[in-house]
Amino acid sequence: MTEAKNLLLDLLKFDTQNSDEFDNENLFRGETIEALKFIEIRLKKIPNIKTEITRYDLENYVGTIKETFTNRGFLIAHGDFNTLLPNILFQGHIDTVPFGEFPGNPLGEFDSNLIRGRGACDMKGSLTGMILAFEKLVNNSNRKFNPILLITSDEEARNFAGIKKFISQNTIPIEFAICGEPSNFQIFNKFKGVTSRAIKIKGKAAHGARPQEGINAIIKSNQILTLLEKYANELGKNPEPIFKSDSIHSQYSTLNVGKISGGIKVNAVPSTCLIEFEMRLVKPLSHYENELEEQIFSQLKETDYKLIENFSFNPLLILEQNNPLLKNLKKSIEKEIGEVREGVMEGFSEATLLNLNEICTIVFGPGDLKYAHSSEEQIPIADIEKYIDILVDFGLNTPSPTNL
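Numbering (numbering that gives the first Met the number 0), first residue to last: 0 to 403.
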């Protein structure tokens, strides 16, 4: 317990809060270099380890302000490659969502075999397990694959810049990857799609004392919000059976209006209002685009608006049940836990981007997703130790290369 506990508490000490927006007038920049350096120094103590931190800068708009974001990167580590063995990637991100109203110490505390703190569950707990499993496997003469460790930044914000940088530069062939997002030891090999969009309503500015001379964009938004709510309720009536799992929500698409902004002061008629929403998809994006047009946008003939698409990805299925690497991971899970459970990744993760770039990736990690991003974020140390045991057993009992 001590090794996993100490490493996770060390990782939580690094403030890696990341956000695309101002929160209580603070902009969390997701600076991760110091945390990555700490991990690299640790790994370099192991013989024959090769590590590299690739740094990058980003320029993004936060509202109307152009900001430069520095002190970020991704870390990759591996040992000497045995060309007769497959290469398997352990992948996770080091940035976290903002602390918010976190009770206690968001930079980590130990309490009754639990570690609490921002990122304990999502996903410094998984990273702790991956780092310790990597250390046990990398120079083990009995290992059956070449372990590669990848730790990224900008998963919680900045449009997944870290994993995209890695993919664009990677030259190492990778046969299989495990993304350690918290899954409570379920294998997620089905991934909901996502679309993130905004509707900008245009009105006409006027003095607040003469609202009749303007067009109030906030009031105009009411019709759109009503239509979005009605459509969201309809989505909850149309299941897609292929996404059925233990979760009652997994087979349904969802729509969430997450942010509304408009106006500059109370004595002025607002000339613009921005509604931001996202959808999680169980059918191809084109299906929902047709529905959005029919049920919402076709009803807005008297509203001046602009639709903005931030990003979109179709649903993704990985049904390679005969993949020997996946089959052996299942054997290791069964040995340590007693059962293998498969489910649906309802949130969006870096696993989708790896899969889209022909790296077969499943999500599998310790920790319960209900604690991620919450004011009660926590993970049991026993879960991390169980995760280490599974990954190490997987590394020592994977099928021989001739059977791959």
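Hints are computed from structural coordinates only; laboratory data are not their basis. Fair warning: there could be bad hints in the mix.
Said to hold, decoys possible - Using 27 Å as the maximum straight-line C-alpha spacing, the simulated BS3-like pairs for lysine-lysine come out as follows:
id, residue 1, residue 2
1, LYS49, LYS4
2, LYS243, LYS329
3, LYS135, LYS282
4, LYS49, LYS201
5, LYS243, LYS201
6, LYS201, LYS236
7, LYS229, LYS243
Tested hints:
{"no.": "1", "hint": "LYS49 / LYS4", "in the structure": "holds, 25 Å"}
{"no.": "2", "hint": "LYS243 / LYS329", "in the structure": "holds, 20 Å"}
{"no.": "3", "hint": "LYS135 / LYS282", "in the structure": "violated, 41 Å"}
{"no.": "4", "hint": "LYS49 / LYS201", "in the structure": "violated, 55 Å"}
{"no.": "5", "hint": "LYS243 / LYS201", "in the structure": "violated, 41 Å"}
{"no.": "6", "hint": "LYS201 / LYS236", "in the structure": "violated, 33 Å"}
{"no.": "7", "hint": "LYS229 / LYS243", "in the structure": "holds, 24 Å"}
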